[in-house]
Amino acid sequence: DAGITQSPRHKVTETGTPVTLRCHQTENHRYMYWYRQDPGHGLRLIHYSYGVKDTDKGEVSDGYSVSRSKTEDFLLTLESATSSQTSVYFCAISGGANQPQHFGDGTRLSIL
Amino acid sequence: TQLLEQSPQFLSIQEGENLTVYCNSSSVFSSLQWYRQEPGEGPVLLVTVVTGGEVKKLKRLTFQFGDARKDSSLHITAAQPGDTGLYLCAVDRGSTLGRLYFGRGTQLTVWP
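So the protein sequences, as listed, match chains D and F.
First residue of the first sequence: 12, per my numbering; consecutive thereafter.
First residue of the second sequence: 139, per my numbering; consecutive thereafter.
None of these hints come from the bench; they were simulated from the model.
Misleading hints may appear alongside valid ones.
If you only want the chain F side, here are some residues facing chain D, beta carbon under 7 Å, derived [unchecked claim]:
hint : residue
1    : R174
2    : P177
3    : E179
4    : G180
5    : P181
6    : L183
7    : A206
8    : K208
9    : L235
10   : F240
11   : G241
Treat the numbers as computed from the prediction; the structure is a model and nothing was measured.
Virtual Cβ for every residue (Gly too), placed ideally from N, Cα, C.
Looking at chain D on its own, in the form it has when it is part of the complex (with noise of 0.2 Å):
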């Protein structure tokens, strides 16, 4: 398996609360990327990354902000969370554009 270790596995908050959740890769790949997965939406991208301080936004970036001071790391920030922003999220990597993406096992997050 790919070295991906997300952090924390599982988080339960309140509204307006910031939250910054961490993506950790032991492969050295150049490309991170930040996904939410909620039920009738698929996996749909955030953010992502493709070196150390280049990063962009994706399809649903609003409410989020994003990090990379080292290649190994990768995170995600909700500035003030809100209820809509209770989802799985899923941070991937890849070695190129056009390498496949290895996942990790997920951030289920509750904002209440």
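Model the placement of chain F on the given structure of chain D, informed by the hints.
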């Protein structure tokens, strides 16, 4: 409208039956990927099809890319309970950054 339409949304069958699930679009793609996702885990890539009309086999799973590269099908022969999962198709958005767009998936349940 969804870029990728997957059908059926749900499929419940008995062990030993054959089945086909579909991934359709009105757009043309350079390639298409199929993933399987099991509960509590991230999606895992099964296959990538690239050429129009291409057929790929993975044990009892047969994947076909439409001649016009707008659609794809996944056929499972003699389904087993281990085939149970969410089957997702995905396409690259056409950039060089590996940004995937996923369909909403087909949830397959195979009963013993």
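Evaluated hints:
no.: 1; hint: R174; verdict: violated, 11 Å
no.: 2; hint: P177; verdict: violated, 10 Å
no.: 3; hint: E179; verdict: holds, 5 Å
no.: 4; hint: G180; verdict: holds, 3 Å
no.: 5; hint: P181; verdict: holds, 5 Å
no.: 6; hint: L183; verdict: holds, 5 Å
no.: 7; hint: A206; verdict: violated, 22 Å
no.: 8; hint: K208; verdict: violated, 18 Å
no.: 9; hint: L235; verdict: holds, 5 Å
no.: 10; hint: F240; verdict: holds, 4 Å
no.: 11; hint: G241; verdict: holds, 6 Å
The structure does not agree with the numbered hints 1, 2, 7, 8 stated previously, though it agrees with the rest.
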